[in-house]
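Those protein sequence lines, which keep their order, are chains X and E.
If you read the first sequence in my numbering, its first letter stands for residue -2, the second for the next number, and so on.
If you read the second sequence in my numbering, its first letter stands for residue 787, the second for the next number, and so on.
The reader is advised that the hints may include incorrect statements.
[Said to hold, decoys possible] Covered stretches of chain E (in silico footprint by chain X; criterion: 3 or more residues with CB under 8 Å from a CB of chain X, positions within the stretch not fixed):
hint: 1; region: 852 to 865
hint: 2; region: 987 to 999
hint: 3; region: 1035 to 1048
[To be verified] Non-contacting residues of chain X with respect to chain E, defined by C-beta distances greater than 12 Å in every case (computed):
hint: 4; residue: T5
hint: 5; residue: A8
hint: 6; residue: D20
hint: 7; residue: D40
hint: 8; residue: D58
hint: 9; residue: L60
hint: 10; residue: Y72
hint: 11; residue: Q79
hint: 12; residue: P121
The set of hints was computed from the structure by calculation and includes no laboratory data.
No experiment lies behind these values; they were computed from the predicted model shown.
Where a beta carbon is used, it is the ideal one built from N, C-alpha and C, also for glycine.
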Amino acid sequence: MTEAKKDTRPAPSRPLPNLNELDTAPFWKATGEGKLTYPVCNDCGTVVFYPRAHCTSCLSDNLDWREACGRGTVYTFSIVRQSYHPFFRGIAPYAVAWIDLEEGPRLASNVIEIDPDNIEIGMPVELVWEPHEDLSVPLFKPAT
Amino acid sequence: MPAQSRDAAIVGVHEFPSRDVEGALSPLQIKAKSAAAALADAGLTLADVDAIYDAGEGGGMAGLNIAEYFGLKPNVIDTTGVGGSSYEYHAAHAKRDIAAGKANVALLTYGSTAHSAAQRIGVGGRGATGHPSDNMDMFAGMTLVANYAMVAARHMHQYGTTSRQLAEIATATRYHAMRNPQAVQAMKDLEFLDIRETSIDDVVNSRMIADPLHLLECCMISDGGGAVVIASPEVARDCAKPPVWIIGTGEATKYPENGGDITTSAAAQSAPAAFGEAGVSAGEMDIAMIYDSFSITVLTLLEDLGFCAKGEGGNYVEGGKLRFDNPAGPALNTDGGGLSSNHPGMRGIFLLIEAARQLRGESTSQVQGASLAVAHGNGGMLGSRHTAGTIVLAGD
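Work out the full structure, taking the sequences as your base and the hints as a guide.
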C-alpha cells in the first residue's frame, strides 16, 4: 500500500465572469459594491436583461442603471447531480435556477442554504452575495 | 394538393455508419466519405455539385475551406451555423437557392468525433464564448442537461406533466433503435449497459442526471456524420432514387426574455411557416423526425409543431402512440433517435436522412405507405437560447 500523497493543488474555484466584457462589465463592477443592477431604457421603459448597452425594444442607447431590491421567485430550477467541472462536481448536488427578480430581470443563479430537494417553483427567494476578489456573485436563498 | 411547391428534392442521403471511429478519422474525413456515399446514392458525382451548405464544424472560414477540401468551386455557399438545427436551415436555403435558379445540386455534410474526442457535451463545463450572455450565466454551473431539465420542471409545474409521460419518448425511440442494426451497434460501441427494449419503469428508475431528467432521457454522445444531396426537379427526375420533395420550411429563434414562457420553443414560430407553405398540418404527418436531445425536447416540440395543444403533450404521448406500428400517432424518430442511435452533437442532418428513408420505403421501422414527414431541428439550448428549423417533406 502506498502512502497517500497530500494534494497540494489549489481547491477548484467557481468560474467567474470577465470584467472586461463591455456590455456586462457595469453589472459585474456594481456587484463589487454590493449592488444588483439592471439597465432600463429611458425612451421606452424596457428592462434590458441580460445587460446590454442598447435597448432590446428600440435600440436606443439612452439607458440608466437601476438597483434591484434583491427579492424574487424561482421561475424554474434543476438539481445538478453530475458535472465534470471540478468546482461544480465538488458541490453537487446543487440547484441551478432561473430567478425572476421583482423588478423584472430573469437571471441564472444557484439557490443555496436549503436542501435542493425542498426547492419549489414559485418559491420566494432573496439575494445573498458570494464575495470574490473584484466582484461578488449573486446567489439566492429562501426568503426570510 | 396542386399548390404545393416541387422546387427541390432530397435525392441522395448517407448516414455514416460508425459511432466510434477510435480516433482514426477526422470530422472532415467523415464529411468527405459521407458526401461520396450520398452522391452515389443519388446517382450523381462531385462534378454535379454547384452549391455547398456547411455548419462550420470543420473549422473557421467554413465556406472556403470545405470547398477546397472537397475540391469544389461552388456557385452558392451557405455557412449558416445555428447548432443542431443547422441542417434544416441548409435544406430550407438549398430549396430557396434552387428555386431561384442559383443552383441545381446542393451538398450538405456533417462530421463529428465528439465521442472519440471525449467531449463532455451534456455535463461538461461550458466554454466561455466571450458573448455577454455567457458572461452572465456561466458562474451558475448550468450544465446542458440542467438547461433542458429546467424546461421539464416548469412543464411539469404548469401542466402536470409526469416523468412517466416523458419516458414514453425514450421507450419509443429505443423500440425503433432495437430494429435498426446500426443503432444496436452504436449502443454496443458506446458501451451502453443492458441493450434492449426499455419500459417506462426502466426510464424512471434510471439514475437522475439533472432533476427531473433521468439518464435514459438523455441522448448519447457519439461520433458520426452524414450527407444529404438536394437537387432541382430537372436533376431529380434522372436520379437513382425517387425524389423526396421539400414542400415547406420554417426558421425561428428564441432566447430568455424577462417574464417569458420557457415551455414554448422557437418551433411555435417556425412550424406555422413550414406547414403553412406546405398546405398540410401536423396531424397529417406519418413521420415525426424531432430532435431528441432529451425527452423534454420532443414533448415541447410536439406541442409547438401542432401535434397537440400546449401543455397536452404528456397525455398525447401516452400508450406508445409514437411507435412506428401504432397508427394512432406519428412515428417518432424511427432510426432510434439521438437517444438510442446517433447524436454526435448536431443531430439535425439525421432528421432529414431518416425522413427521406421513410418516404422512400427504406427505414428499418418502415411505416407502410408513408407519404408525409416533418423534420424539426432544435439548435442551441431549449431552456435558454435556441434555434428552430422545420422542414416538411413529401414522397414522390
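When you look at the beta carbon of Y72 (chain X), is every beta carbon of chain E farther off than 12 Å? 7 Å, violated
May I ask you to check that Q79 (chain X) keeps its beta-carbon over 12 Å from the closest beta-carbon of chain E? Violated, since 5 Å does not exceed 12 Å.
Take the region 852 to 865 of chain E, compare each residue's beta carbon with every beta carbon of chain X, and decide whether three or more fall closer than 8 Å. violated (count 0)
Per-stretch coverage check for the region 1035 to 1048 of chain E, three Cβ contacts closer than 8 Å to chain X: With 6 residues close enough to chain X, the hint holds.
Assertion that D40 (chain X) lies farther than 12 Å from chain E (Cβ): 17 Å, holds
Taking the closest pair, is the beta carbon of T5 (chain X) still more than 12 Å from chain E? Check passes; 23 Å lies beyond 12 Å.
Using Cβ atoms and 12 Å as the threshold, tell me whether P121 (chain X) really stays out of contact range of chain E. Nearest chain E Cβ is 15 Å from P121 (chain X), so the label holds.
Taking C-beta pairs only, is D58 (chain X) more than 12 Å away from all of chain E? Label holds. Min Cβ-Cβ 15 Å, cutoff 12 Å.
Is the Cβ of L60 (chain X) more than 12 Å away from each Cβ in chain E? 14 Å, holds
May I ask you to check that D20 (chain X) keeps its beta-carbon over 12 Å from the closest beta-carbon of chain E? 4 Å, violated
Has the region 987 to 999 of chain E got at least three residues whose CB is nearer than 8 Å to a CB belonging to chain X? holds (count 7)
Test the statement that A8 (chain X) is away from the interface with chain E: the closest C-beta pair must be farther apart than 12 Å. 15 Å, holds
Going through the hint list in order, the structure does not satisfy hints 1, 6, 10 and 11.
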